[in-house]
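Q: If you read the protein sequences in the order shown, they are chains A and B.
With positions in the first sequence counted from 1, the corresponding number in our numbering is that position plus 310.
With positions in the second sequence counted from 1, the corresponding number in our numbering is that position plus 701.
Just to be clear, a hint being listed does not mean it is correct.
Listed below are the simulated EDC-like cross-link pairs for lysine to aspartate or glutamate, each with C-alpha atoms no more than 20 Å apart in a straight line [stated by the list, open to error]:
#: 1; chain 1: A; residue 1: 332; chain 2: A; residue 2: 377
#: 2; chain 1: B; residue 1: 987; chain 2: B; residue 2: 810
#: 3; chain 1: A; residue 1: 392; chain 2: A; residue 2: 359
#: 4; chain 1: B; residue 1: 741; chain 2: A; residue 2: 322
#: 5; chain 1: B; residue 1: 716; chain 2: A; residue 2: 384
#: 6; chain 1: B; residue 1: 1067; chain 2: B; residue 2: 822
#: 7; chain 1: B; residue 1: 1049; chain 2: B; residue 2: 951
#: 8; chain 1: B; residue 1: 741; chain 2: A; residue 2: 333
#: 9; chain 1: B; residue 1: 995; chain 2: B; residue 2: 955
#: 10; chain 1: A; residue 1: 392; chain 2: B; residue 2: 723
#: 11; chain 1: B; residue 1: 716; chain 2: A; residue 2: 352
#: 12; chain 1: B; residue 1: 849; chain 2: B; residue 2: 831
#: 13; chain 1: B; residue 1: 839; chain 2: B; residue 2: 873
#: 14; chain 1: B; residue 1: 1060; chain 2: B; residue 2: 955
#: 15; chain 1: B; residue 1: 1060; chain 2: B; residue 2: 967
#: 16; chain 1: B; residue 1: 913; chain 2: B; residue 2: 733
#: 17; chain 1: A; residue 1: 392; chain 2: B; residue 2: 738
#: 18; chain 1: A; residue 1: 392; chain 2: A; residue 2: 352
#: 19; chain 1: B; residue 1: 987; chain 2: B; residue 2: 822
#: 20; chain 1: B; residue 1: 741; chain 2: A; residue 2: 377
#: 21; chain 1: B; residue 1: 913; chain 2: B; residue 2: 878
#: 22; chain 1: A; residue 1: 370; chain 2: B; residue 2: 822
#: 23; chain 1: A; residue 1: 392; chain 2: B; residue 2: 955
#: 24; chain 1: B; residue 1: 764; chain 2: A; residue 2: 359
#: 25; chain 1: B; residue 1: 766; chain 2: A; residue 2: 359
#: 26; chain 1: B; residue 1: 741; chain 2: A; residue 2: 326
#: 27; chain 1: A; residue 1: 392; chain 2: B; residue 2: 967
#: 28; chain 1: B; residue 1: 875; chain 2: B; residue 2: 951
#: 29; chain 1: B; residue 1: 909; chain 2: B; residue 2: 738
#: 30; chain 1: B; residue 1: 869; chain 2: B; residue 2: 899
Hints are computed from structural coordinates only; laboratory data are not their basis.
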Amino acid sequence: MKKTSSHHSGKEALVEALRLPKDVCLGAMRVTLTGNSEAWIENYRGILEYTGQSILLQGKTCQVCFEGSGLAIDYYTNEDMKISGCINAVRYL
Amino acid sequence: MVAILQFIRGYVRIKVWGFSPERFMNLCSFHDILLWDIRKEDGFHTMCVSLRGFRRLRPIARKTKARVAILQRYGLPFFMPFLWKRKVFLLGLLLCVSFWIFSSYFIWDIEVSGNERITSDQFLSYLRLDQIAVGMKKKDLDIEELEKGLRRQFDEITWASARLEGTKLIIEVKENDAPTQVDIPQEGQGMDLAAPFDGTIVSMIVRKGVPKVQIGDAVSSGQVLVEGRVPVYNEDATVREYEYVSSDADITIEHRLQRMEELPWDYLEKRYTGRTLVRHFVRIGKWLFQASTKRAFLAFDQVTQEKAPLVFEKLSIPVLAGSVTYREYQNVEREYSQEEAGRILSGKMNEFFRSLEEKGVHITQKDVKIEKGAGAWVMSADLTVQDRALRRVETQAVPEGEAKAGG
């Protein structure tokens, strides 16, 4: 566990030093929120669960859960997706 | 734009339910099948998918054990069979589109801008002579030749540009702003300055030529004030020869001017009864289509409003729709009172005074009176004005022998 975390921090440090984009190099999920009504997500693996109140997404390193009401997916492709509705919380699991 | 493309290609709204709709969506995105407008309903998901994507859904649905059903079909591929059943409608649509395309091969409007001295009518009559008119084919128009022709035909034009915008021919011109050049007399020929009316000289500055009068002199119409024939003297004060110049001077002549304005005693006043009638019409080119052509009232005036329908406005097809409002009136005979007549005539007289001032004529004294003449009110003005207008006349050349004899 310790080894993994040090490996991660080393990679992160290298990416930081070379000023490379983290989402590309580390596979971090990129979430852009516009107010609480729209979210634009990149770098995800897929949808794990979708109900009207929550959308759970699988990323490379973590899971993200959007909670709210009337959540809808405006479009869904391999590259990016857009969620609209009333977003109350974004939780990283 | 995206919506138009989606409509052309066609798409369906589907309902997905079963074991794991989320896995179904993930697989769709993995296979590059675009899903949009995904919503969670009670016990199922709905989403839109392109027609092409929908045809590739079967193996994905089988793999994920999801059930798929079409809720609604959208777009042209679904609309075409519907059209095919309505052949007359389709024919009308095709005719309409072909008329549209056919009419776009012609010029339907000509617009001229930038012209101030040359009227649009002059332009249009020149264009007609050059076989350019509304209704001609676009391909018969040589724009470069037209621009050259305009510059050749009208000397005032310094720059001309023609372009086609849709079915409209737009001609933009620029006229020469520089003042018109005064005719330079030929060598050996001078120009005199003569008085255009009888009066008295009040000021005089001569720049070129020989002054023949002086301040305070009374002059008569046509009298030479500055002569363009300048004598060159010998040492013994005899004339050796004459040099001819174009005279140049600022001379102000004071003279009297009379002006009379008349206004008949009585006139017909239009008294509107308040009754109006509106008739609608459609005008296609020269033809007018109106619901009724019956005379609206015994005495009436009409206000016409016409406008190209929005569809034809940009196309410049001469189709106009409008309405004529007829307003009934009665003619009532009335007489002007002295105050009314005075007000109207003063207005006319002031306009005349203004036009004089604009011409550079300075009014030094005026005596205006109004009186009742035979059948009309008459306003007469007796003016004393100072005018700088001069008439240019050709200098009388001295016969060759006489000049020599003088020398």
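Q: For each hint, tell me whether it holds in the structure or not.
A: Comparing the hints with the structure gives:
1. Proposed proximity of residue 332 of chain A and residue 377 of chain A is contradicted: the alpha carbons are some 25 Å apart, above 20 Å.
2. At most 20 Å may separate the alpha-carbon atoms for a hinted pair to count; residue 987 of chain B and residue 810 of chain B meet this at roughly 14 Å.
3. For a cut-off of 20 Å, the pair hint linking residue 392 of chain A to residue 359 of chain A stands: about 15 Å separates their Cα positions.
4. Taking the CA atoms of residue 741 of chain B and residue 322 of chain A, the gap is near 38 Å; set against the 20 Å cutoff, the hint is violated.
5. A threshold of 20 Å between alpha carbons decides the hint, and for residue 716 of chain B with residue 384 of chain A the separation of about 16 Å falls inside it, so the pair holds.
6. Only pairs whose Cα atoms come within 20 Å are accepted, and residue 1067 of chain B paired with residue 822 of chain B is rejected, the gap being roughly 42 Å.
7. This hinted pair does not check out: residue 1049 of chain B and residue 951 of chain B have alpha carbons roughly 31 Å apart, beyond 20 Å.
8. Restraint check: the Cα-Cα separation between residue 741 of chain B and residue 333 of chain A comes to about 29 Å, which exceeds 20 Å; the hinted pair is violated.
9. With a C-alpha separation of about 61 Å, the suggested pairing of residue 995 of chain B with residue 955 of chain B is violated against the 20 Å cut-off.
10. With a C-alpha separation of about 15 Å, the suggested pair residue 392 of chain A and residue 723 of chain B falls inside the 20 Å cut-off, and the hint holds.
11. Only pairs whose Cα atoms come within 20 Å are accepted, and residue 716 of chain B paired with residue 352 of chain A is rejected, the gap being roughly 26 Å.
12. The suggested pairing of residue 849 of chain B with residue 831 of chain B holds, with an alpha-carbon distance near 12 Å, which does not exceed 20 Å.
13. Between residue 839 of chain B and residue 873 of chain B the CA atoms are separated by roughly 18 Å; this keeps the pair inside 20 Å, and the hint holds.
14. Restraint check for residue 1060 of chain B and residue 955 of chain B: the C-alpha separation of about 15 Å stays at or below 20 Å, so the hint holds.
15. Taken as a hint, the residue 1060 of chain B and residue 967 of chain B pair is broken in the structure, with Cα atoms around 34 Å apart against an allowance of 20 Å.
16. Using a Cα cut-off of 20 Å, the hinted pair residue 913 of chain B and residue 733 of chain B is violated, with the two alpha carbons roughly 102 Å apart.
17. Under the criterion of a C-alpha separation no larger than 20 Å, the hint pairing residue 392 of chain A with residue 738 of chain B is consistent with the structure, at around 10 Å.
18. Taking the CA atoms of residue 392 of chain A and residue 352 of chain A, the gap is about 9 Å. The hint holds against a cut of 20 Å.
19. With a C-alpha separation of about 18 Å, the suggested pair residue 987 of chain B and residue 822 of chain B falls inside the 20 Å cut-off, and the hint holds.
20. The hinted pair formed by residue 741 of chain B and residue 377 of chain A meets the criterion: a straight-line CA distance of about 14 Å does not exceed 20 Å.
21. Our distance criterion of 20 Å between C-alpha atoms is broken by residue 913 of chain B and residue 878 of chain B, whose separation comes to about 36 Å.
22. For the given pair, residue 370 of chain A sits about 76 Å from residue 822 of chain B by alpha-carbon distance, which is inconsistent with the 20 Å threshold.
23. A distance of roughly 88 Å separates the Cα atoms of residue 392 of chain A and residue 955 of chain B; the hinted pair therefore is violated under the 20 Å criterion.
24. Restraint check: the Cα-Cα separation between residue 764 of chain B and residue 359 of chain A comes to about 18 Å, which is no more than 20 Å; the hinted pair holds.
25. With a CA separation close to 16 Å, the supplied pair residue 766 of chain B and residue 359 of chain A stays within the 20 Å bound.
26. Restraint check for residue 741 of chain B and residue 326 of chain A: not satisfied, since their Cα atoms lie roughly 40 Å apart, outside the 20 Å limit.
27. Between residue 392 of chain A and residue 967 of chain B, the direct Cα distance comes to roughly 82 Å. Violation of the 20 Å bound is thereby established for this hinted pair.
28. Distance hint between residue 875 of chain B and residue 951 of chain B is unfulfilled; the C-alpha atoms sit about 33 Å from each other, more than 20 Å.
29. As the CA atoms of residue 909 of chain B and residue 738 of chain B are separated by approximately 90 Å, the hinted pair breaks the 20 Å bound.
30. For the suggested pair residue 869 of chain B and residue 899 of chain B, the alpha carbons sit about 56 Å apart, so the restraint of at most 20 Å is broken.
Violated hints, listed in ascending order, are 1, 4, 6, 7, 8, 9, 11, 15, 16, 21, 22, 23, 26, 27, 28, 29, 30; each of the other numbered hints is respected by the structure.
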